[in-house]
Structure formats: structure tokens, C-alpha cells
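**Q** As they're listed, the protein sequences go chains A and B. In terms of the numbering used here, the first sequence is numbered consecutively and its last residue is 336. In terms of the numbering used here, the second sequence is numbered consecutively and its last residue is 336.
Derived from the structure by calculation, the hints contain no laboratory data. Any given hint could turn out to be false.
Chain copies aren't distinguished; within one or between two, either way the pair holds.
Said to hold, decoys possible - PhoX-like cross-link-like pairs, simulated, lysine-lysine; straight-line CA separation at most 25 Å: (1) K15 to K194; (2) K5 to K118; (3) K194 to K115; (4) K115 to K5; (5) K5 to K194; (6) K194 to K134; (7) K194 to K118; (8) K183 to K194.
There are 2 protein chains.
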Amino acid sequence: MNSEKILLDHGAGGKMSHQLTMDILLPVFDSPLLKGLDDGAVFQAGGERLAFSTDTYTVDPIFFPGGNIGDLAINGTVNDIAMCGAEPRYLSVGLILEEGFPIADLKAIVHQMGKSAKAAHVSVVTGDTKVVPKGAVDKIFINTSGVGVLYDGVDVACKNATPGDIVILSGTIADHGVTILAKREGLSFDVSVKSDSAPLNHLTRCMFESSRMIHVLRDPTRGGVATSLNEIAQTSAVGIKLFEDSIPVKPEVLGMCELLGLDPLYLANEGKLLAFVRPGDAETVLSVMRENPVARDACIIGEVISDNPGRVVMQTRIGGRRIVDMLAGEQLPRIC
Amino acid sequence: MNSEKILLDHGAGGKMSHQLTMDILLPVFDSPLLKGLDDGAVFQAGGERLAFSTDTYTVDPIFFPGGNIGDLAINGTVNDIAMCGAEPRYLSVGLILEEGFPIADLKAIVHQMGKSAKAAHVSVVTGDTKVVPKGAVDKIFINTSGVGVLYDGVDVACKNATPGDIVILSGTIADHGVTILAKREGLSFDVSVKSDSAPLNHLTRCMFESSRMIHVLRDPTRGGVATSLNEIAQTSAVGIKLFEDSIPVKPEVLGMCELLGLDPLYLANEGKLLAFVRPGDAETVLSVMRENPVARDACIIGEVISDNPGRVVMQTRIGGRRIVDMLAGEQLPRIC
């Protein structure tokens, strides 16, 4: 750790986040489950394998096109559990409210949480509310944690990527990231640009019904697709080859990224997933995905290779190759 | 809800917290598990009953005599799960850090969390770190959630208090609350005044080994013993008779309470529990408790009566009787 103070980069989901986890947290919480760096932990209880995950939501602004901090908090944890190969069942909600926060806003947020929980078929079963004096927190932060039950015979983990695996992306990227940034900067924009916040557990259930040979699942939130792929490449010690041409970005989102000087590969998504699938099953999984409204634009974006272990290599439009690194700096604090 | 803005009282653990939960949260998160208002939710998974609980820690100051926000965050959730009649097993840790927070402080806090987790025999298996810009959070907030496995044949719940039950308190009250307040106000005080932060799961395991007839367990944190007892009286629709003389308070703590005009019955504890036990088993449970270092001063402080349902009635030192109400205002924000 070079700096003596916490920097925004430590929370950006990129290199410095990774370093903070490795240097300060893992040595203390010496658990094999934590070392997997998956979206959640999987353990045995009773006769079942359970997944357990947590996330704190600090998004700014709290209301944005396509959602608010409330549905982000539900969908985010639902998705983290789904990415473990589990059906999310029970959620906890921890609210931190700033003194003076409008109750009408709280009601709108909680209402949306209820709707999202219903849509994802999960129950909020326990909670906690803290109110802190004005200035001690910015409006509202929400932690959700969740418990889910693993599907039989499923084994997905960040370390399971295998050369030959086909990399599937469930749809267009950067929608959430661009929406938050544009709203924050007060930019007016195309009404079709909105957060993609959505639960992915119904999608993953269908995917597992069609194949048990899904090796890795990941929702590319903070740090975007580029950072998620780098984590997988490093943890599995494999290379990942990406086809730039194949990565779907909405034209209006791409336009805003160009305007703002941001790379969509590093921008957060809140309703998309990456799946690493055994080659023989990829087409089946893909066609099942496309039947689901949240993955209509699913497509193959790359493959796992044994060359370049730990690296993500992009085959560019003009036929060149470039290394796609982890997010190094903070593009966008408080994106989720 | 009379006010249109969130007030500190909404988070104080007393009447307004209760109202916020009842009016805004419960109607939306319509779960029978949530309605019990217990410290955690209990549900079936595989062949076992699991307990699931969450809490966010916002204590100010973050370092205080007897501990820091880190061990509070571990012990608090360990205790909430223990109060469900469960053995805590797995914890999640969600950190919210302010940009500029000293890494040395983070290390000290995380180190303490590791020590406390070890002492409580729980594993931190999943986590999340958010960093927010300077001013968006005061230094550091920590959410912990946890999963535990219920002991066979145990059925403790806030609604299970039964007339005749003996009310046992595990030790002296108000230590944590007075420590935080004194430290915050910069008061110099007796070195023996310090937070009682401690894990209670080893104690509850011994208690359940001695009796399955423990009807209610509760750790009287925010709002203190008075508020916890009121919640139990209301949820179980019974009266609770307290003997003022029997409630242990350290003389130095009582002295500070008198100086500051605070009632120790309403001050937070972080290593104490209330147990409601079938009369025939009370002496056995009590003697087992006293063998445990965290409950050496355990004593009987009252009993459950069928008169005055929903009320806590104190038999005072001078022989009178007074109603002990729920905490109405905010004595002390950010106590845990």
C-alpha cells in the first residue's frame, strides 16, 4: 500500500480495490471462501449448498433514469447470488439515513425495493435502520445481503475458466454507467439512455436448465466488462481473447462515451452478465438466453485461450491486438 | 408519520424507529419473518433451521475504551444471531470508507475484526468495500450480516414470553452507552468505564445446553434494557415486572449517568443479554451463566406477569411502582 490514506481508487473495483483486498482484508479474514474473490461465498448447511453475498449501495444521484438506489440494492445482491449459481431466496436490508432526508423519497425508494424483490421472487426477511446526524452520510446508503440455494450439480467460480470456453455477454454494455454520469453532470440526453438495472436470476435459472457446463458467471458492475474479465483471467490463470466488433453498445451510449472520453468496456452494468460456457453447449445456452427479455441481445464476445495467462487481449476492429487492462484509476465514484 | 423528514429519533431504537418500521418498511416487505421484529430471521434450508441477521455500525467515535467500530461490528451481528437461538457461523463485511481515511486506522479496525471473529469462532466469508468522496460519509461505516445454524429444539422469539417466566440479565448495564458518550464529550473518567463489547454466543450455547426452556433472548443495544423489555412485552402481549434494586449498574457508570442526566435503563449495551426462562429452569440457567466470564454478574431482574399486557412496570427501591416506557427521544445518536 503506497498511499497512507484511502483514495477513491480504492473503491473503484479496479487495481487499487484489488490491492486493498489482498493487502489488508484477506490476510486478516483468512478464509478459503473469501480467497475465491467471487461475488459471494458458497458453503454447506444442512443438506444444501448456500450462497451468501453482501453489497453496499452509495450511488449518486439516488434517482436516475431506469431506477433508483432501491432497485439497484435489490437487483445487485440478487445478481451476486445468481452469479454463484444459486437461486436467491432471502435478503436483508440495512438502511443508513441522513437526518433531514425526505420521508417521501424514502417511501419511493422502499416502494421500489418491494417491487424489485417481488419481481426477483426474493423475500426481505431482516433489516436494520440507522439515522446519522446531518453531514455524516450523503442522503441514503443501503446495504443488502442475501442467501440463496445452489442449483444441483452447478459449479461456477471465477477460477473455473477453461481454455476453449466461449465467453457470452448477455447484452449491451455501459448503460448504467453512462446514465449515472450524464445525470450527475446535468447533461441532457436521449431518453433511451437509462440504467439497465434488472434481476438476472430468472435468466440464470433458464441457462442452468439448458446446461450444467457453465464454468463462470459474473455481472460486470464496477469496473465494467474489462475489469471482470481481467479478474477471471487472473484467478483462472488463462488468457481471454475478445472480439471488439462483437461487443454490443447502444449507439446513443457509445456517442455519450465518446463525448465524455470514457471507454464503455470499463463502465458499470447492473443487469448484464458474462458467462463462460463449454464450447459444445454455447449455442444452446445462447439461444435460451435470447428468449429472456433481459438477454435479447446476448452474443458471443470471445473465448478462453491458454496463451497470455492472466491477460485479456482484444482483437480490434482494424485487425490489431491490444491488451485490455483492469481499471486503473477511478472513472466514476459512487456508480452503484 | 407526522414529520416529513427523517429525524435522529427515527434511528434511536425507540418509539419513532418502531413507527418507521411499522409504517414504511413492513407494509412493503410483507414477510411473516420480518413481522416478528426479532434480531434476525429464522428459515429452513436443507435439513436445518438457519438464522440470518444484519446490522450497520456508525458509532462515533470509532475508537473508544474497550473496543472500536470493528469489534462492535463483529460482536453485534454475532450476538444478533445468537439471540435467535443459533450458533453464528458465517459473516459478511461491507465497508464504506471516506476518501482520505487513514489506512493505519483501517488496518487497526480490520485487525480487531479479525481478532473478534476468531474469538467468536465465526468466519468472514464475503465482503464489499465502497469508497465515497470526502464528506459523503463520516470516516467509516461497517455493515455486517451473518448466517447461523439453530440449536436443535430451540424456539426463542420476541413473542414467546409467558407469564411466570423469570427475566435474567447477564450483567451490568449502560457500560457501552456511557463510554461512548463520555469519550465523545471529551470527559475524563474512571479507567474502569469501558465498552462491554463481547460475543455472547459461547454463553448462549452453554445456556441452551442447560435448558431448552429459554423463551426469549435479546441483547439490549440501542434503547437499552427498557426498550428491549417494552418490545418483548408488546410483542408477547404480557406484562413485565422489574425489581429496580436488582438491576446491576457499576457505581462509576451510575455516577456518570447521574452527572449527565441519563437513565442507565435506556443506554446501549454491547455484551449483555436478557433471557426469559421457564421458572423451574431459571436457577440452573443462572448458575451456568455465572460460570461464563461475560456473565459473572448475571442476576434475576424481574418476571413476566399477565397483568399490564404490553407494559413494563418497575418496583422501585422505595417500594413504589412506575411504568418504564420505550425510549421516546434520541438520547445518543450513533451509539453503535
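**Q** Work down the list of hints and note, for each, if the structure agrees.
**A** Checked hints:
1. K15 to K194: So K15 and K194 fail the 25 Å test inside a copy (28 Å) and across (40 Å) alike.
2. K5 to K118: Neither way: K5 and K118 sit 41 Å apart in one copy and 27 Å across, limit 25 Å.
3. K194 to K115: within (18 Å within a copy, 44 Å between copies)
4. K115 to K5: Answer is between; shortest inter-copy Cα gap is 23 Å, intra-copy 39 Å.
5. K5 to K194: For K5 and K194, the Cα distance exceeds 25 Å both inside one copy (34 Å) and across copies (29 Å).
6. K194 to K134: neither (30 Å within a copy, 27 Å between copies)
7. K194 to K118: within (22 Å within a copy, 45 Å between copies)
8. K183 to K194: within (10 Å within a copy, 47 Å between copies)
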